[in-house]
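If you read the protein sequences in the order shown, they are chains D and S. Under my numbering, the first residue of the first sequence carries the number 1, and numbering increases by one thereafter. Under my numbering, the first residue of the second sequence carries the number 1, and numbering increases by one thereafter.
FYI, nobody ran anything at the bench for these hints, they're computed from the structure. Any given hint might turn out to be false.
As the list claims (entries may be wrong) - Which residues of chain S face chain D? A few of them, derived with a C-beta cut under 7 Å, are:
#1 Pro-2
#2 Val-5
#3 Leu-13
#4 Leu-17
#5 Tyr-81
#6 Ser-109
#7 Thr-110
What the hints assert, rightly or not - Stretches of chain D that chain S covers, calculated by requiring three or more beta carbons in the stretch to come under 8 Å of a beta carbon on chain S:
#8 1 to 8
#9 12 to 24
Ideal Cβ positions, reconstructed from N, Cα and C, are used throughout, including at glycine.
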Amino acid sequence: MSITTFTELSLLLALVIYLWCRLLAWWERESG
Amino acid sequence: MPWAVSFILGWLLFFFLVRLPLLRYTIWGGLSAALFQIINDWLMIRQDLYQIETPLVLILHSSAFFTFGIPLVMGIIFTQYLPRAKWLQGINIAVWAGFFLIMETLLHSTGVLVYRHWNPALSYFINILVLSSMTWLVGELAAQARRQNKEFSRL
Chain D
1 MSITTFTELS LLLALVIYLW CRLLAWWERE SG
Chain S
1 MPWAVSFILG WLLFFFLVRL PLLRYTIWGG LSAALFQIIN DWLMIRQDLY
51 QIETPLVLIL HSSAFFTFGI PLVMGIIFTQ YLPRAKWLQG INIAVWAGFF
101 LIMETLLHST GVLVYRHWNP ALSYFINILV LSSMTWLVGE LAAQARRQNK
151 EFSRL
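Given the sequences, and given the hints that come with them, work out the whole structure.
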């Protein structure tokens with residue numbers, strides 16, 4: 001795998017992690 | 001190069017997600033994750049289960065760019081966003097174990113992580129164990145961070 005592909009896929013993974021954390025934060029707010 | 005890239009991206013994600021006032025509670029999650037990683041990899045690499053290539057800077061067989069990158073910052077984020085409900089903690093552990101496994105698979109695909117007598121299933125199992133331990137270890141710190149965050153939210 002090239003470093004460019006690695007970087008792109010890592011960025012995608014970072015986005016998924018970001019969305020998961022935001023989802024958890026939203027759930028905590030909603031559940032009080 | 002992949003180690004440096006993972007370090008930069010990890011810290012970038014950290015700055016998007018971190019709440020700095022809570023760092024005094026959540027930093028222990030990062031430090032414990034980094035400690036787990038460095039000890040685990042030191043033992044596994046000594047047993048020739050897998051090897052690290054082009055680490056740039058070595059620290060006990062691991063790349064310092066990895067230890068002070070992904071495990072440290074993601075450990076802090078894991079603690080900060082730790083859910084209260086036990087059932088959700090279980091799902092959270094499985095999801096984060098998957099995140100770490102995907103990161104490992106990407107590193108393996110670049111050739112900087114070489115499997116000798118190892119496979120991804122073992123990694124996922126180890127990740128589950130470590131993240132379960134961390135959930136137990138940092139649970140109280142995460143609760144204090146949540147209480148602090150609620151006070152900040154009222155301001």
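Outcome of the hint check:
{"no.": "1", "hint": "Pro-2", "result": "5 Å, holds"}
{"no.": "2", "hint": "Val-5", "result": "5 Å, holds"}
{"no.": "3", "hint": "Leu-13", "result": "5 Å, holds"}
{"no.": "4", "hint": "Leu-17", "result": "5 Å, holds"}
{"no.": "5", "hint": "Tyr-81", "result": "5 Å, holds"}
{"no.": "6", "hint": "Ser-109", "result": "4 Å, holds"}
{"no.": "7", "hint": "Thr-110", "result": "5 Å, holds"}
{"no.": "8", "hint": "1 to 8", "result": "holds (count 4)"}
{"no.": "9", "hint": "12 to 24", "result": "holds (count 8)"}
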